[in-house]
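Colleague: Chains A and B are the protein sequences, given in the same order. According to my numbering, the first sequence is numbered sequentially starting from 1. According to my numbering, the second sequence is numbered sequentially starting from 1001.
No lab work stands behind these hints, which were simulated from the structure alone. Where is the CB? At the ideal position from N, CA and C, for every residue including glycine. Among the hints, a few may not be true.
[Claimed, not checked] With the C-beta cut set under 10 Å, the calculated list includes, among others, these residues of chain B facing chain A: (1) LEU1101; (2) LEU1105; (3) MET1112.
[To be verified] Derived EDC-like pairs (lysine to aspartate or glutamate); straight-line CA-CA distance at most 20 Å: (4) LYS1015(B) <-> ASP420(A); (5) LYS11(A) <-> GLU1122(B); (6) LYS1015(B) <-> ASP417(A).
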Amino acid sequence: MKNISLKNTFKLALRGLLRNRRRSMMTMLAIALGFSAIALFAGYTHYVYSGLSRQSIHGEMIGHLSISKRGMSMQGKLDPERYMLTAKNVDSITKLLSNEPHIKMITPRLALSGMASNGRASTIFIAEGIEPKAMAQFQEDFLTDREKASGLYEDSKKKLDAAHPEIVELSQGLVEMLHLKVGGQATMLVSTLSGQANALDITVGHSFNTGNANTNDKFAFISLALARTLLDAEGRADRLTILLDDVDNTELMRTHLQEKLNKSGFDVEIQTWQELSSFYNQVQSMFDMIFGFIFSIVLTVVIMSVANSMGMTVIERTREIGTLRAIGLKRSGVVRLFTVESMLLTMLGCVVGLLIMLGVRWGVNVADITYVPPNSSGKTALMVDLDLGRVMFTFLLMAVVGTLAAYMPARRAAKKDIIDALGHV
Amino acid sequence: MIEIHQPILKLRNIKRRFMLGETSIDALNSVSLDIHEGEFLAVWGPSGSGKSTLMNIIGLIDNPTEGEVIFDGQDIHLLNDDALTNFRSEKIGFVFQNFNLVPVLSALENVMLPLQIQGVVEELARGRAIAALVDVGLERFKNSLPDKLSGGQRQRVAIARALVVNPKLVIADEPTANLDSDNSSMVVELMREMNRVRKVTFVFTTHDTRLLDHVDRKILLRDGNIISDEVTA
Chain A
1 MKNISLKNTF KLALRGLLRN RRRSMMTMLA IALGFSAIAL FAGYTHYVYS GLSRQSIHGE
61 MIGHLSISKR GMSMQGKLDP ERYMLTAKNV DSITKLLSNE PHIKMITPRL ALSGMASNGR
121 ASTIFIAEGI EPKAMAQFQE DFLTDREKAS GLYEDSKKKL DAAHPEIVEL SQGLVEMLHL
181 KVGGQATMLV STLSGQANAL DITVGHSFNT GNANTNDKFA FISLALARTL LDAEGRADRL
241 TILLDDVDNT ELMRTHLQEK LNKSGFDVEI QTWQELSSFY NQVQSMFDMI FGFIFSIVLT
301 VVIMSVANSM GMTVIERTRE IGTLRAIGLK RSGVVRLFTV ESMLLTMLGC VVGLLIMLGV
361 RWGVNVADIT YVPPNSSGKT ALMVDLDLGR VMFTFLLMAV VGTLAAYMPA RRAAKKDIID
421 ALGHV
Chain B
1001 MIEIHQPILK LRNIKRRFML GETSIDALNS VSLDIHEGEF LAVWGPSGSG KSTLMNIIGL
1061 IDNPTEGEVI FDGQDIHLLN DDALTNFRSE KIGFVFQNFN LVPVLSALEN VMLPLQIQGV
1121 VEELARGRAI AALVDVGLER FKNSLPDKLS GGQRQRVAIA RALVVNPKLV IADEPTANLD
1181 SDNSSMVVEL MREMNRVRKV TFVFTTHDTR LLDHVDRKIL LRDGNIISDE VTA
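Chain A on its own, in the form it takes in the complex (with noise of 0.2 Å):
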């Protein structure tokens, strides 16, 4: 014989919700509110850690992969001249890898540090050489839309001239600890490969804001040609960056190029922006805890209300579970509509929390609010998004719990004498 069908198992379920309204009602909200409170945070996270990827591949200049000499990241600093790519090497990985799909632009790259100067003092530096044209592309998807109109980044903006290699772009915190001025001059202090002193004039082009209360006293971008001259390193890298066209495409290319790269007979690595960028893993590590703190937190709120709601829904029906299995319900129908019923509470909660959560985060989006991060030397919007991933995530491990937490109180009251349950009170 067949058991009760599973759209007739819904129909007696959502009566029996609407049974006990107030009290479906107080769960629902319990249910909704947890889910509204994570799926917020979650999209919190989502616009956070997207800023960071951002600022890390394009307001860095990080880019999404990096290929170094094997060996550079850890002995670099100490033998330069051993681990740097030679011209060669970057023509050649550079023709190489042209073609690739999904390779938007492959850039040689170029750190060095040294004493910046503005005759009276002199301060540390660390700069970046880079391509005035590749500097223009990598800033290209830097901001989203919302954010240029903010006007907020409009100090993270840099620039650097092919035609005058000698105009720098120093950070803001630099800049006033050397009272320089836009257009202004200063000396540039480094040790070549070979370790003589090398000592060059440049003009301040802009001053911009790193967005790195660490870094935003001492970080230049200059231009690649002015980096090999003050290096003595005509036509080298310490590593070619390459930019893609999605984020998403990181991984898999960095396996495609790392096998391409070895079968060409190259002694390269390559890492990818997540790996280069520590502040990013950092921030992510954090906010990730505090996710799964948040979620331990609502996901033991949800199990108690809803084994507590069901718990009193299961002691109140004794009578009527023991009318459905005198008229031939299974032990197993019982627990199947005590657990469909307890899953149709849990996900109407998450339907409306969803509902809620979309309503704050509107409000919060076109609220303009604006905070100054822990390490930042700037403000920054609170945003949400709409995580959708982890709300999916959500919503579904919500609906199992909920379902899960009926199945004590279900079992227990499927497996009561029918003669007890028939003359409970």
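Put chain B on the given structure of chain A with help from the hints.
Modeller: Quick look at chain B alone, frame taken from chain A:
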């Protein structure tokens, strides 16, 4: 004249013992009984005589401590819980003292419920349920929720729910206990009519001796023993 067929239920030496703390109480003492197809049978007696215990065993919702239950040729001991549930669903209809209708379902939906539990398709179940409601005279109340019906009407819906699966036997434990005398008579007459017209076997308990005038056979229970078993028709 009532046609009496072979027994659909045989009870042999049924004992039912309950433990109340450390005290054992024998609710039924070696009861043997045959119930025949088409009978309209009342079990009566004072409170505590074992009427409900006997009905629970006849209705296959309780197991005897000792003895044998053969229903429609099937030894009930040999069935596991799921098989027994299916067996009960197909062969037995229940009418309860408190009606026991599902309060959030309409009269029609309550009557459809046993069919839906059996997996009967929606349209067929609806048609059979409407026919059952017509039989008990409540077709126009098919969309009413139980709390909008009188006690007598609720019990008629319960009778329709019991009959809709075309059971071999309908068990009614004190079906008139919560009804006034007019509704009691109406409910018993309705059951009697269903017994006559549809040849459904009815067994019900009562402590109202006036209702015993309607039955073919009455069994008097006292202290868990059958004191008399009288065929009146």
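Colleague: Find the hints from earlier in the document that the structure breaks and name them by number, from lowest to highest.
Modeller: The structure breaks none of the hints.
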